[in-house]
Amino acid sequence: MNLAVVLEGLLMATGRTRAVLLAGLVGSWAGQVPAVALLVVYWRRSLGAVYYGVAVGYALLCAILALALSRLDWDLLVAEALARANGGEVCRGTAEAPREAQGAQAATVEPRRAPARGAEAGGERAGAPPPGEK
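Under the working numbering, think of the first position of the sequence shown as 7, with each following residue one higher.
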């Protein structure tokens, strides 16, 4: 279960919430529920059978989530994150378009700095003591 939570968190952090939802539905309804029913009916009527059925469902869920993670385009995810960080729009489509946009942004975008205070910002004159001091 803990592995499933970590894998879900990774996918959700990349914005793939739909994949997490679908994997959860398949893991529960195609994995846990049938496995519990089959084990309880055909193996033995015990809590152990329920636990093993739940384990089968979580194993299926982890396999689906791992497959979804392995199919991510990490270059595209990096380009999307850079676009969000630089205030630009997220490019969807081929991976080449965001890489080209990333190269253009890298040359023109400067890091944000705190606004200047004092004489440079048109405020108090340089070298003057702060208000309240003499």
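The set of hints was computed from the structure by calculation and includes no laboratory data. There's no promise every hint is true.
[Claimed, not checked] Estimated spans, in silico, between C-beta atoms of each pair: (1) Gly-93 / Pro-40: 18 to 26 Å; (2) Ser-76 / Leu-27: 14 to 22 Å; (3) Ser-76 / Pro-40: 42 to 50 Å; (4) Leu-83 / Leu-27: 17 to 25 Å; (5) Leu-83 / Val-32: 17 to 25 Å; (6) Thr-23 / Ala-69: 38 to 46 Å; (7) Arg-90 / Arg-51: 50 to 58 Å; (8) Leu-16 / Asn-92: 37 to 45 Å; (9) Leu-53 / Asp-79: 22 to 30 Å; (10) Leu-9 / Val-56: 15 to 23 Å; (11) Val-84 / Ala-61: 15 to 23 Å; (12) Ala-87 / Ser-34: 16 to 24 Å.
Glycine is no exception: its CB is placed at the ideal position from the N, C-alpha and C atoms.
Which hint numbers does the structure go against, in order from smallest to largest?
Hints 1, 3, 6, 8, 9, 11, 12 not satisfied by this model.
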